[in-house]
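Engineer: For reference, the chains in residue letters:
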Amino acid sequence: MTEPTSKASEPAIPAPPQVTAPPQQAKVPSNQSSAAAPAAPNPDLDRAKDIADRITSKYPGSKLEWVKPRRLKVSVPSGMIKDVALFARDSLGFDHISTVSGVDWIAKSALEVVYFVGSTAPGQEGFVLALSERVPRDNPVVPTLIEVWMGAEYHERETHEMFGLNFQGHPDQSHLFLPEDWNDLPPLRKDYVSPGR
Amino acid sequence: MKMALETEYSPDADRIMAVSLGPQHPGAGHFRIRLWLDGDYVVKALPDAGYVHRGEEKMGEYRNYIQNVPHLERPVILDSSNILFAYSLGVDELMNSKIPSRGQYLRVIMSEINRIISHMYFIAIQGLFLGHTTMITWCMGDRDFWIDLGERIAGARVTFAYIIPGGVRNDIPEFAIEKGLRTCDWFEKRMDEYEKIFYDNPMVHQRSDGVGVLSREEAVAFGATGTVARASGLALDVRKDEPYSSYQDFEFKTPVLTQGDSWARAYVALLDMRESVKIIRQALKRLPQGPVRLKLGPQPRVPAGEAYSRTEAARGEMSYYIVSDGSPRPYRLKIGVPSAKNLRALPHLLRNVHVADIPVIYWSLNYWPVEADR
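Chains as they are written, first to last, in my numbering: chain R, 1 to 197; chain B, 198 to 571.
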């Protein structure tokens, strides 16, 4: 179970059972490359799968949402995101926060927070890990990840005001972009309707 | 310069004065910095953004993928092609469309022209903040030749709306290729003059050397990107890291400096422009024949899925997170703009500095309030 710290990509990657890409992604594995043949070997895709394997095997509750060349999205169950984030930063080299986003899944009554993390590790600069957690819409509380990626501070503050997600432990969740006296639903929630619509 | 004010600071101390810089400051644009001053020194600074927040992401959810093109470039009209480039890459990825190679080359040409337009504005205002009037007059004047070139290609002057999902909006006219090559030749000579009058100027060095130093570790921790990261020794360049479009076809370098001060952040912009000129020249000379766009129709249906696309905009990594549910409109459209990514470095750099250094440090971060607010 010990994780190797070297970032060498493993040559043998069979189709692992963990890779449960949604059906719409399953048929477009090589959409970025110029090669039209889907069977063409793609080292960037293999490496992204390798990274995903390392996360999902270490944290059994986590689930690979989709994987593409240089991109992967992993969702984690409640209470685990900070551990996975620390593992991704310290052992996988994802140390450079890119942005934080929220998604309002109103039909499923859930709010999702997604951290997009790039890397400064040599040879891995083009990879982006998306780390997500879904929380119930009526009690959207997630831990802040400022201690993992300091640059997440303002991105989390923005996600808080736009989605109403509460980042526990965040030092300042006052409005960043919205007016101070904003007294309405968080505007990027789906049940907020823009004026005039 | 370095004072142990951090430890002495208490909000009730009589000697601490709270001041608002902006939002009507002519240089700061629509942006306020809340300052706590002890005499001439900044004890604490907090950025206050949001004066030009227009809800671009919410607007994006109400419009279809083609209607989104014109309004998505409004947050950063200085660099309008690069913000649409990232959007188009994301939509192309979701639609699994293969862009014709002439369209790819034209996307690169326009993106690099916009990088120069944006950087010219950046160093012009940096010159203004340093009291270097020549720089603003020269750069603002010379920038117009690049805007002219963009107009010859796209038809509009600043908001080009040229790069769209599926390719580019129209083909480049023959005379614009020749004009572009001439502009490149002229501009390379012109940049030598910028170096002499601005970057080698003792006054500029005195005002910006060692001012607002951001170390490499801090740049990584804050998630700094673009010119800010590359001036601090962090060699991040999306064009190299994941060669999108046709960037793998061109020879260029990623300029990296290690000083991390305001001077380096301004100088990286000039080095960037030298590489941009190289790329534009190669692309114009080797422009392949063929169509420039795919036929998508006015209301393309995008398959359900998610995409995270990135481009290297003038200010740094421009990223889009697009969630599609299969309808003609995006379910979620997140714009990750470089200004917002670099904003975290500002309160850190504005500690224990002279008030007179604030404009230099602020502008050297290449922060554009309209872009950050969206």
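A portion of the hints provided could be inaccurate.
[As the list claims (entries may be wrong)] Computed footprint of chain B on chain R, listed as stretches where at least three residues anywhere in the stretch have a Cβ under 8 angstroms from a Cβ of chain B:
1. 63-75
2. 98-106
3. 129-139
4. 143-154
[Unchecked claim] Straight-line alpha carbon distances no greater than 25 angstroms define the calculated DSS-like cross-link-like pairs of lysine-lysine that follow:
5. K255/B with K190/R
6. K376/B with K475/B
7. K295/B with K482/B
8. K255/B with K108/R
9. K63/R with K82/R
10. K295/B with K386/B
[Stated by the list, open to error] The following label-pair restraints were derived from C-beta to C-beta distances:
11. Q221/B with V141/R: 17 to 27 angstroms
12. L86/R with R387/B: 44 to 54 angstroms
13. R251/B with D172/R: 37 to 47 angstroms
Source of the hints: derived by calculation from the structure; they are not laboratory data. Virtual Cβ for every residue (Gly too), placed ideally from N, Cα, C.
Engineer: Against this structure, judge whether each hint is valid.
Structural biologist: Each hint, compared with the structure:
1. 63-75: Contact hint for the region 63-75 of chain R vs chain B: holds, 6 residues under 8 angstroms.
2. 98-106: The restraint on the region 98-106 of chain R holds, since 5 of its residues have a Cβ under 8 angstroms from chain B and three suffice.
3. 129-139: violated (count 1)
4. 143-154: Our answer is that it holds, as 6 residues pass the Cβ test (under 8 angstroms) against chain B, meeting three.
5. K255/B with K190/R: holds (9 angstroms)
6. K376/B with K475/B: Holds. K376/B to K475/B sits at ~15 angstroms (cutoff 25 angstroms).
7. K295/B with K482/B: Holds: K295/B and K482/B sit about 23 angstroms apart, inside 25 angstroms.
8. K255/B with K108/R: Holds. K255/B to K108/R sits at ~20 angstroms (cutoff 25 angstroms).
9. K63/R with K82/R: holds (15 angstroms)
10. K295/B with K386/B: Given that 25 angstroms is the threshold and the Cα spacing comes to 38 angstroms, the pair is violated.
11. Q221/B with V141/R: 17 to 27 angstroms: This hint is violated: roughly 38 angstroms between Cβ atoms.
12. L86/R with R387/B: 44 to 54 angstroms: holds (49 angstroms)
13. R251/B with D172/R: 37 to 47 angstroms: violated (23 angstroms)
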